[in-house]
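K.L.:
Please build the complete structure, drawing on both the sequences and the hints.
First to last, the sequence lines map onto chains A and B. Per my numbering, residue 1 is the first one in the first sequence, and the count goes up by one each step. Per my numbering, residue 259 is the first one in the second sequence, and the count goes up by one each step.
In short, the hints are calculated from the structure, not lab data. Heads up, the beta-carbon is just placed ideally off N, CA and C, and yes, glycines get one too. Keep in mind that the hints are not guaranteed to be accurate.
[Said to hold, decoys possible] Computed footprint of chain B on chain A; a stretch qualifies when at least three of its residues, placed anywhere within it, have a C-beta under 8 Å from a C-beta of chain B:
hint, segment
1, 42 to 48
2, 114 to 127
3, 142 to 155
4, 169 to 182
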Amino acid sequence: MSARIYYIARNTFREAVRDRVLYNLIAFALLLSGAAILVGEISIEIERLVVVDLGLSALSLFGVVIAIFIGIGLVSKEIEKRTLYTVLSRPVRRWEFIVGKFCGLAGTLIVNASCMAIGVFGALLYVAHKFGRPDAWIFVALYFIILEFLIICSLSLFFSSFSSPLLSAVFAFSLFVAGSFSEDLRGFASLTHGVAHWFASAAAYIIPNFSTLNVISNVAHQQPLGMHLIVQNTFYALFYTTAVMSGAVLIFERRNLK
Amino acid sequence: MSSRTATTVIASACLVASMTASVLLLHRIDQLHPKATLEDVLYISSPKIVKRASLGFDGLMACIYWTRAVQYFGSRHIDRAASFNELAPLLEITTTLDPNLVPAYQFGASFLAPPPPYGAGEPERAVQLMKFGIAHNPDDWHLYYDLGFVYYMEMKDYKDAAATFELGAKLPHTHPFLKILAGRVAEQSGDFTTARMLWTATYESSHESNIRQNAVEHLRDLKVDEDVTNLQAAVTRFGQRNGRLPASMEELAAAEHLPGVPVDPDGKPYKLDAAGRVLVQDPGSFPFITQGIPPGYKPGPPKLQGNP
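P.N.:
Here it is as structure tokens:
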């Protein structure tokens, strides 16, 4: 079982590399080095902040875009090219195919994010000339961004398991935007009563809460993060991803592929 | 030459020529309406809407808005503009997006408080900005120092200045000079020594070269103001003793037993005009002086760091 998932994941990763997904690293490197050099000239006392804020924000956005635009095509492309039938004619279960695809996409994003993280630390060293102990919190922000990628990957695959690529992209991106406003949804729920309150509360808890995974501003200001937040965010992302992936498997298992 | 090579050569030439032409044309179009820039336009003035629209990347947006505020202030300052209408909204958006962006409070207050062309002439909004900053960063003594500075220098509100320095002095990791400043401002307000202490503290507490340069210029100009005030008092004493004004600065220096003709920080001697006014020779070198300015003098564009 695990070997089959591993091979599907490895092929998904190789396919992403062949699709020149990692070329985004060049754009990222140009963006970051440009910012590190230019911001000192055009602004005041925010060189370090910009490197961390811009680096982690770009890392997050690039990853989200890659997760959505690759994730939505993972299933539909296999159906379109009819390679899915070849795979499923072998002793591969449908859920193994979905989980393998998820692992491959997540692996691609982790490799991509790791390369970008090296760039962020390089730019930070360029502007600050040394690392301080509080800079270690950047690793926590990176970890949370990777957790965010896991949720986005699972959502893209979920929509991809029953919808067209275009609609899947719209759904996944809409959920990303809505998830960024999840704190506001909670605030809105607290202001309403009756059915509206229940509806808003349900929406606030069902929509992924990306704002809790966004600690970029905190680490940019070298503010420490609590261990409770790290543990709870880890479990939140894992449970949410598992739930969405279970939904994707349930749908894909029953999908008529003829 | 094969047809493929020919196509490559022609397409490359077309690309370079078209791109060059479009850049040159755009340059010409810019000259037709040079003021049509983004600097005076703030499409979204609500800090809350900008925060929502940032999709959680508020730290990055704050950096962008802060850079925009710096650029806006810098360009208006160079143009010696009389108004800085967008400065306060830009700073409000910046600090709403990132309430921990301390440089935006420190520098923002020094942009907002001084009168034009050195600032926006809005000390009340500078105080609001600093109070917002203190509310979100209550342990940062720099903000108390900067708020007290605005009260003292721009609003001449010595009571609030002393109270603010006192509050800052009570913080756990504060700078010792806040305690000294609090006492000094409470006892002797509005004198040259206190002002010199404040600018010296600004120089010593900042790592930013522009701020340190600004402090040095203010210290030089304070010296001129103090010299001119003392010399003017000497002219009055001379008149009371001799029933006439001194004929020259040399005569005044001799009467006051000064070692020589007094000179400004640039080494140029002070002048004495026919009406007995003590004047500086080159007021353009001292942009912040309030004393010794020749009648009818109009200041030129501000000197920028690095300019000859």
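K.L.:
Each hint needs a verdict: does it hold in this structure or not?
P.N.:
Okay, the hints, checked on the actual structure:
1. 42 to 48: holds (count 5)
2. 114 to 127: violated (count 0)
3. 142 to 155: violated (count 0)
4. 169 to 182: Holds: 3 residues of the segment 169 to 182 of chain A have a Cβ under 8 Å from chain B.
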